[in-house]
Amino acid sequence: MTFFIVTLIKIVIVFAVFMTTLAYLQWIERKVLAHIQSRTGPLRVGPHGLMQPLADVFKLLTKEDVFPPFVNRFFYLLAPFIAVCLALITISIVPFGPEIEVAGVRTYMQIGDVHVGILLVLAITAVSVYGVALAGWSSNNKYSLLGGLRSSAQMISYELPLSLAIVSPLLLANQLSFRAISDSQAGYYLGFIPRWNIFQAPFPQIFAFIIFLIAAFAETNRIPFDLPEAENELVAGFHTEYSSMKFACFFMAEYANIVNITCVATLLFLGAWHPLFPAPYSNWVAPLVFLLAALSCFAQAAQPRRKNDQYTFPLFGVVFLVLTAIFVVAALEIVPVLSTILLSIFWFLAKVGLLIFAFIWVRGTLPRFRYDQLMHFAWTFLFPVSLLNLLITGLLVALFPERI
Amino acid sequence: MSILALVLFIPLAAFFLILFLPRESKASFSVALLAAIATFIVSAGLIGATFKNGAQFSNTIVWNWIDSPSMHIRFHLGVDGINIWLLLLTTLLLPIAVWFADTVIPERRKTFFALLLLFEFGLIGVFSALDLFVFYVFWEVALVPMYLLVGTFGGPRRGPVAVKFFVYTFLGSVLMLASILYLHSQTGTFDYVDTMAALTSGRVTLSSFQQLWLFLGFFAAFAIKVPIIPLHTWLPATYVEAPAPATFLLAAVMSKMGTYGLLRYTVPLFPYGAHECAHWIAVLAIIGIIYGALLALIQPNIKRLIAYSSVSHLGFIVLGIFTFTQLGADGAVYQMIAHGISTGALFLLAGYLEQRRGSMEISDFGGIATPAPAFASVFMIALLASIGLPTLCNFIGEYLVLQGAAIAKFNWAVWAAIGVILSAAYMLWMYQRTFLGKPTSYTAAFPDLTIRDWAPVLPLIACMIWLGCYTQSFMPPITSANARVLDQNRASEQYQVRFAVPPSTGEAAQNGHGVKRGPQRAADSFSCLGARIRALCATEIAEAQTHAR
Amino acid sequence: MDTVLFIIFAIVAIVAGFNVVLQRHPISSALSLVGVMGSLAVLYLLLGAEFMAMAQMIVYGGAVMVLFIFVIMLLNAGAEKPSSKAWFAQIAGLPLLLAFIATLGFLIYSALPGLRAVEFGSWTMGTAEEIGKLLFTQYLLPFEVISVLILIAILGAVVLALKEID
Amino acid sequence: MNLWLILLFPLIGFVLNGLFGKRLGKAAVTFFAIGSVTLSFFYVLYVLSRLWPLNTAYSEHSFTWIQSGFLQVGFDLLVDRLSAVMLLIVTGVGLVIHIYAVGYMAEEDGYYRFFSFFNLFLFFMLILVLSSNLLLLFVGWEGVGLCSYLLVGYYFGENWATNAANKAFIVNRIGDFGFMLGMLLTVVVFKTLDFGKIAAAVGTMPVEPTVGVITAIALLLFVGATGKSAQFPLYVWLPDAMAGPTPVSALIHAATMVTAGVYMVARTSFLYSHAPLAMNVVAIIGLFTAIFAASIGITQNDIKKVFAYSTVSQLGYMFLGLGVGAYSAGIFHVMTHAFFKALLFLGAGSVIHGLSGEQDLRHMGGLRKAMPITCWTLLFACLAISGIPPFAGFFSKDAILSAAYAHAPWMFWIGAITAGMTAFYVFRAWFLAFFGTYRGHHHAHESPLLMTLPLVVLAALSAGGGFINIPGFLSQAYPSLAEHENRTPMIISVIFGVAGVALAWLLYIARPVLADAWQHAAGPLYTLVENKYYVDEIYGALIVKPLEGISSLVLWRGVDEGLIDTAFVSGLARGARGWGGLLRQLQSGRIRNYATWVLAGSLLVIFVLGVVGGGR
Amino acid sequence: MHFSPVPLSWYLTLSAILFVLGVAGFIYRKSVITVFLSIELMLNGVNLTFIAFSYQLHRIDGHIYSLFVMVVAAAEAAVGLAIILTVFKNRGTLQIDEVDTLKL
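Going down the list, the protein sequences come from chains A, B, C, D and E. Number 262 in our numbering belongs to position 262 of the first sequence; there are no gaps in the numbering. Number 45 in our numbering belongs to position 45 of the second sequence; there are no gaps in the numbering. Number 107 in our numbering belongs to position 107 of the third sequence; there are no gaps in the numbering. Number 147 in our numbering belongs to position 147 of the fourth sequence; there are no gaps in the numbering. Number 5 in our numbering belongs to position 5 of the fifth sequence; there are no gaps in the numbering.
Because the hints were derived from the structure by calculation, they are not lab data. Heads up, the beta-carbon is just placed ideally off N, CA and C, and yes, glycines get one too. Treat the hints with caution; some may be incorrect.
As the list claims (entries may be wrong) - With a straight-line Cα cutoff of 30 Å, these simulated DSSO-like cross-link-like pairs (lysine-lysine) come out:
(1) Lys-30(E) / Lys-89(E)
(2) Lys-307(A) / Lys-10(A)
(3) Lys-142(A) / Lys-89(E)
(4) Lys-30(E) / Lys-142(A)
(5) Lys-63(A) / Lys-142(A)
(6) Lys-409(B) / Lys-191(D)
(7) Lys-197(D) / Lys-409(B)
(8) Lys-52(B) / Lys-26(D)
To be verified - So the derived label-pair ranges between C-beta atoms look like this:
(9) Val-148(C) / Lys-89(E): 50 to 58 Å
(10) Ile-36(A) / Phe-18(C): 49 to 57 Å
(11) Ile-41(B) / Ala-576(D): 42 to 50 Å
(12) Val-102(A) / Leu-98(C): 55 to 63 Å
(13) Val-148(C) / Ile-36(A): 47 to 55 Å
(14) Trp-361(A) / Lys-89(E): 41 to 49 Å
(15) Ser-38(A) / Val-148(C): 56 to 64 Å
As the list claims (entries may be wrong) - Listed next, the stretches of chain D that the computed footprint assigns to chain B, with coverage defined by at least 3 CB atoms under 8 Å from CB atoms of chain B:
(16) 34 to 43
(17) 62 to 69
(18) 133 to 142
(19) 152 to 160
(20) 439 to 450
(21) 565 to 573
The following block holds chain A by itself, in its conformation from the complex:
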């Protein structure tokens, strides 16, 4: 029975955090993009525009639910549902940290571990094509149909290098469960190089990581591969005919997918929650980061240019200071369980956050591919390279069966 209760609690926590993150991810993206483009981004709603996601949600909910004529109602409604549901599943098997014991209950920092977790992710990724394709088809709109076809073709095409890129770290880990993969990346070479797959001997999976990342961009329909929804050129692709909450569902699914794929990348390549360098020192990274953040907040607040934020930045600074304090406690390992939880989550989120930032960064800097370039790139470059990478990895793993 405790299993159910604990799982329920974990689900609630993860779901709450995840949904909030999704909502705020858009805010973050807009902010970052704005800064890249030397704008300020949303500022009006709430302090420093912090309430903007909420406002968006309200706006979408209250908008008129338009049903275009001659659509296939069932599939028209089913498509966003599929998209969002599938996008939300993956997070349930992502481990955020090691096994912990709270109040005599031992549990993983993970909703549930699946033996074939990575396969499950792939399966979900594969199936999520349906959302896009169905949306395009059921809209009864030529542009949407073409958009749907385009994006499903793209997703199918990039699924290949994605899967192949995944296979190489799997070869090193020899496991399919996320937890086992994460565990296999614990430890350090020579005491300081982490045993992350991206560094792991005999063949560091840097190439695999890059390929994975590129394919991930395409899988999540992000720039530079966002052909499916290229608003300005291709009339927003498959979701042209969608509005209000149905549209929001697609959006949510997209951000959820970003989070999912970055989580997977972290788990597979970046050593999950394992810190960059060994424990006693790495513990202090988190307080240091938060302290710096607090200090920079205060410094920004002091700048006269930032009139709009003269109250919010200090507030942020205080929040960061509190976080610093908490992590100092965690770093001192006064309460071992808490420090384990906090530190793993910190490291995990830090890596995920960096990757998400990279996603946004790329969006802000790179132009969009043309469709033929996109396919060409997938099949003639990415696929062979990933295959080559896999071959070399396999060869080396076979040559050095004793893991270094």
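Following the hints, complete the assembly by docking chains B, C, D and E onto the known chain A.
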């Protein structure tokens, strides 16, 4: 490299060599002839060991050929008293055929010689194979060049005839292949010697039902090849249409493939099937003897006549084999050789006739003996050999076959001996109309045999007389080998189910229920199926469990 | 719990299966088929075949069926029209089907009584590791053959689809 | 003792003449031919003198010919009193006829061919006589048949000659069929072919009252004898065989080869003695043939045909003798017959030679002045064959008839009548040829010395040959059945003979008109007899034509091409195509139909698996 | 946690039902694509049987077989759909009964 390997591969090597020669190259003849003669000379070296012990296989070759876990095929060849003379016959006739072809084949000679050598390769393989699979392969190898020879160089109707020949023969050999594979599934080996040992020692027993069908499978191939009435209709057509050297080889050696197979494979391997069918086969053979002779009696075409006479003579061989007596078997083997020589000679001379006259219709000839006495004399000798005159080769074989038949069942001998009367009639009538009488305007200047024509004829004549007069220089290996075959036949028979009940009725008898009604029976059977699956599951689970432990 | 899961997904599978057959529009059929596959994947998990479940989803759900949907969309296949050319199938089909299902039912229930009960987690050999081991040892040759088959299929598909029409 | 040397000389002669005769020239051919026979003859004399008095058989094993299973056949030669007699006849008469032939064949093209075949014949005949087992005897048997074929067909450019040759060979083959079967049965029963061993085995068996295995063997062998020795119903070849040159007729078809059957029966007498039924058959066949052929002989106009039928008739006599158990009498008659019949033929040949090939008696007449030697030597032969004492024929014929009388008087009476007929037709021919007026066109002349000398020698033998006591010589092997001191049959047969001669004199010398009158009176009967009872025609209509018709129309066109090839083989192909066409309808292109078929098929498979029971 | 067991025959029944549904679809549907889908349905039914028996026998050979089935199905789908595309391009129809020229 044993002698046998040399014998086998010289023709093949020469075949490839000729293939690489330029198109109308003169060298193709020399290469073919040299290779054929060399093969003959080398093959003579096989005799020694065989004479020491004809019952054992000597000069054996055992090479692993296909070595997969499920199929272990060895390239196993050997020589014993049965096939030694057939091998020598083949190697002897091949140079003759090559020489003969040089005389009568005007164009595309390179192809012709090459195919002849390939054919020799196949024949030697067939005669010396001791592995059923290898045997089958060679069987087909021998078929293809002959098909090409007939189809490419034959007479005006060569197309359909060649196809008929091929399809007919192939039909039988496919049945044989099926039998071979089934036999393999029972014994687990393709090797003839091993199979034989398994069957004679009783390690593997075949039920009467299995034996019968296996026997019929093999028999189909051999019966068509021999051919046994009523599967013979390809033979006259093919013999008539084939180019003369091909006819020569077809009649002289290829027909022995079937009879050889009958003796080598069907008799010792499936004694029950053989005994069960022997009566029918003997009757068919006798019908063949008389029928072939009667048809030969009224043929207007020389080649066709000799072809039908071949049907008649081959009937003797088959009859001899299926008497299961030492005399019959010896006679059959002897008759194979004798028939090869005598009919070969007849076809050879018929080929010369055709070359000189451009026709084979008897009515186009007449009175040749006056302008061409030597030709007539030689033809006479070949003809006398063919009709079984004592002191010439066929007599010994025919007599022993008849003697064997008489021992087995006197009626057989009575009927078969009628063929002896008829053979004299058709041959002499043909001779009379072709060679005797007053020469016509066409035949008045009929050219006699030239020196070049004599060359292939002389060895054949010599063989006829030698075989007919001094039998004992050939007989001992044959006798001992046949004794072994017949022993095996008896030995394996003793382990075979003589009178087995068909399985279904046997089961019913065991159950004691008698015959059940359809639906009930079906339901029962389904439950049986279920039980079988259940049992299977149980064993598998047990296996898995032990494996897990 | 097992029973509940089985019943739920079996019902889903059957309903979706009926849907495949009964829906007039190909895309509905296709999606129903995806539904069947999904529920079958769950049933596979119940049977301890976790790898197969995932493979089912990846290969069938993610590749094969997407291809179908893709083609349906590409051809803009509409609802099918009635046709009566294959009269034999129309007439003989139903009795044969009934006979077939009756036979299968009879076989399953009368001839195979000794079957196990399925308990989730009682047998978990169907992992990727086990399958991989078997696949690369005992079934290596079939595996290679099937790889060649796929290669040929790829080539065939490319050749067929690339062919210039007229 | 090297008995094989006897055989070797003729063989060498054959090989030399056969291979090189064309180039050797006539003298050399003659030398080899005569020389080889002479050597052979003298070697026979030498051998016999060495072996004399031949109380036991002398046999010699040269080499094993066939050895297969229990059967061993050696090239074994045997000399006993029987073969000694035959050896002397064969080589002696053979030599005489060889010499005659040198003269007779002098003008012929194929001189070398003739003599090589003649030598070959002697070779085979000697094998026949010397063989100590049945198979070797059969070799000679077939060999002489071959030589007969070759020599009858000597004039191979002529259809009548080749037809006769074929007929001779094929009819002989029919006889050989019986011989062969007899031989096969012998092996089945006795497991051997050696005369000695068979005789020993038979000796332990009881005499068969009804048909038994020995009777079967004996009868089968006798079938062979009827072929070779021209007995009814297989005699038909012999008259036709006169197509060969006359020395051939004399040597092969009168003196030696045709008596091979008699010799064989005498040789295997141990079998016949145990099979009375077979002996009766032999006697009756012989008797019937004797009177039957004699009746034909009366009406023939071709001089050689007359003598040919007389040969058939005399052979019948010999078989009568054998059949009634007087083997020695049979052999005795063989010998005397060899003398006088050879003489008859050689004389006829001399006449023909003198008339440049004329054979028809109606175109002869009054030749006794032109060719006196021929005429008077022939008279000796005629007297001998008519059984007029003290000529040779009288003694042998008397021996046979006495035995027949002892066996069954009706046989004697028929034999006696036959003797009268014999005397009649022989003298008819003699009178027609040498008396009256010449009716021919050719210029008649006496033959050269080379031909007349043999005539004289044979005439002497015909006259005095009867005094050679063959029955006495052979009594050791064939003891006389009964001492028949009864003179009656002898007297009766002599009376019949004299009556025959007198009748011939009456009809052809004294009252020639009477002959025509009687001929007209007989009418259809005469026609029937003159046409040899239409036996050839009956054979042709009953056997040859139907055989050809059945073979050609029924078997070839009907069964082979129609039934098997067209209906069965091509029919199979056509049937396959037809069924294919029918089944093709299944492939309608309707995929759903295919699916339904597959469904039906799988149901079927399940049911079959269920009912039959599948694998494992 | 207690899981109440399910008889394996239920699985087999399910697979039989799916298979028969597939057959029915094959026979009674008229669109080429749907017929294809029905085939896949049959294959799925068979796969379920394989895996069920695999459980029964406690051997994973059945998994391998169904894996092969899947792979073959994928290959078949690729080629089949390519054929459908070609047919559609050539004849402008997806009605299975219209595509009947491939016969003797």
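Exercise. Which of the stated hints cannot be reconciled with the structure, identified by number in ascending sequence?
Worked result: 2, 8, 9, 16, 20
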